[in-house]
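Enquirer: Sequence:
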Amino acid sequence: MVTVRRIALAIALVGASATAATPSMALSSGRSVPWASLGRVRPLLVQPSGWGSPIAAQPGSATAGWCTPKGVEIASGAGRPTLVPDRSVGPMLTRSHLALSSLPGSTTAVVACEDVALDPSHPKTIYAAFAAAHGGLIPPSYAVALVTTNVGRSWRFVPPPTGYSLTDFAGFVERPRGVEMLYSSNYFFPPTPGQSAAFVIAASATGGRSWADAGLNCPAGAPCVIFGPEAPQGACGMSEWKQSVLVGAFDEVGGATRWRAAGAVNSVNQCGSQQLIDTASGDEFLVDRTRSNALLFTHDGVHWTPVSLPKIGGAPVGGRFAPWGQIMTLAANGTLVAVAGTPLATAEHLEMLKAGSTAWCATRAVLPSATRRDPVTALQSSESALVVSFFAPMSMGAGTRTMGVALPLSAVRCRA
1 MVTVRRIALA
11 IALVGASATA
21 ATPSMALSSG
31 RSVPWASLGR
41 VRPLLVQPSG
51 WGSPIAAQPG
61 SATAGWCTPK
71 GVEIASGAGR
81 PTLVPDRSVG
91 PMLTRSHLAL
101 SSLPGSTTAV
111 VACEDVALDP
121 SHPKTIYAAF
131 AAAHGGLIPP
141 SYAVALVTTN
151 VGRSWRFVPP
161 PTGYSLTDFA
171 GFVERPRGVE
181 MLYSSNYFFP
191 PTPGQSAAFV
201 IAASATGGRS
211 WADAGLNCPA
221 GAPCVIFGPE
231 APQGACGMSE
241 WKQSVLVGAF
251 DEVGGATRWR
261 AAGAVNSVNQ
271 CGSQQLIDTA
281 SGDEFLVDRT
291 RSNALLFTHD
301 GVHWTPVSLP
311 KIGGAPVGGR
321 FAPWGQIMTL
331 AANGTLVAVA
341 GTPLATAEHL
351 EMLKAGSTAW
361 CATRAVLPSA
371 TRRDPVTALQ
381 SSESALVVSF
391 FAPMSMGAGT
401 RTMGVALPLS
411 AVRCRA
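Counting from 1, one number per residue, gives the positions in the sequence shown under our numbering.
Some hints here could point you the wrong way.
Now the in silico label distances, taken between C-beta atoms and shown as ranges [what the hints assert, rightly or not]:
# : residue 1 : residue 2 : range
1 : Pro34     : Pro123    : 39 to 47 Å
2 : Pro91     : Val302    : 41 to 49 Å
3 : Arg209    : Ala280    : 30 to 38 Å
4 : Asp251    : Leu83     : 42 to 50 Å
5 : Thr206    : Thr400    : 34 to 42 Å
6 : Gly313    : Pro34     : 14 to 22 Å
7 : His97     : Pro310    : 48 to 56 Å
The list that follows gives simulated cross-link-like pairs (lysine-lysine, DSS-like), each with its CA atoms no further than 30 Å apart [said to hold, decoys possible]:
#  : residue 1 : residue 2
8  : Lys311    : Lys242
9  : Lys311    : Lys354
10 : Lys124    : Lys70
The set of hints was computed from the structure by calculation and includes no laboratory data.
Beta carbons: idealized from backbone N, C-alpha and C, even for Gly.
Using the sequences and the hints, build the whole thing.
Expert: Okay, structure coming up:
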């Protein structure tokens, strides 16, 4: 399975009862199925959609990271996060005429990390996407991919494939054992019926030290579902940009994957915080709280089955566009976790829906105190932690401020 991600579920079915419907069984029924009928599920690989998920965390990894104003913070286990600084990025963007200016006429570059990806095969390698603009002018706003192989002492631009530019970067492609860079100069929202496309990636087998051009492929003989390229854009608050959901099939004769619109779920709001989740059984889940059916799954990318979820505080889950807040993810332990509360009005907190459960419960995990003013922007799970990223630096007490926290999964439990 392939996943594409930028800016900042695969699920293995275990322990399901003999009477519980598996995702593949439910898929053939054409009807919605209740969450409780799915049994116990666990994510294997998570793909967030664009412009709202500055977190690097995967269910199979104990290491996680998130963007901050000073670089990338990396956390592993119970220790304090380590800062990977990005001091050299501003001068690099300025020399390449890609820097965003802090003020009109200013020569000070804005260094804004938007997304981060970690290479499980090369622990010292960190990929990050930084905001960029041609000549400092926005919109549109671009992102360019950089890599450090020495924990931030120096950064380098990822060399784009032949025929592409730095600002054609269109998302990280995360694999179980590595990361690839997707590039595209032509964007479509979504493709028209019958339209298909092939995509180019920059791939590195050396943790970012050397690169080769390649095609974005599915495993031979197996369909896979991805988010399509992310487009340059302006302000999300003023335009709800669409990001394609694509299904691919490997052409054994041509030796490449062709991508087309993925059935009825052919796009998501690029400004929200949606996720695709691959499963060991070959199913793919879509988490999208802007839809009235906020959780769906598919086996072939063409036929989708809604998963009915219980209400939170008497209100249905899904059906609202919220660029911040109202975020949901599937944690590594198989629990569905959602941010409840209304940003700018009611302080946010975490609710959880356990496997086989028919009701949400408020968790013991405590978010930093100012989430009424600085809401949650992203939520994702590593092997042992739930990573929460915020719109602005949050006070943690004793003068400490952070853009993200890694909450132990053991602390994400019902209060009662």
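Enquirer: All hints, please: hold or fail.
Expert: We went through each hint and held it up to the structure:
About 41 Å separates the C-beta atoms of Pro34 and Pro123, a value consistent with the hinted range of 39 to 47 Å. Checked against the given bound of 41 to 49 Å, the beta carbons of Pro91 and Val302, roughly 48 Å apart, stay inside it. For Arg209 and Ala280, the hinted distance range of 30 to 38 Å is satisfied, since their beta carbons lie about 32 Å from each other. In this structure, Asp251 and Leu83 meet the distance hint of 42 to 50 Å, their C-beta atoms being roughly 45 Å apart.
At roughly 37 Å, the beta carbons of Thr206 and Thr400 sit within the given window of 34 to 42 Å. Range check, Gly313 to Pro34: Cβ separation about 19 Å, and the 14 to 22 Å hint holds. The hint said 48 to 56 Å for the Cβ distance between His97 and Pro310, and at roughly 52 Å that hint holds. Distance hint between Lys311 and Lys242 is fulfilled; the C-alpha atoms sit about 27 Å from each other, no more than 30 Å.
The suggested pairing of Lys311 with Lys354 holds, with an alpha-carbon distance near 14 Å, which does not exceed 30 Å. Annotation: proposed proximity of Lys124 to Lys70 holds, straight-line Cα distance about 18 Å (limit 30 Å).
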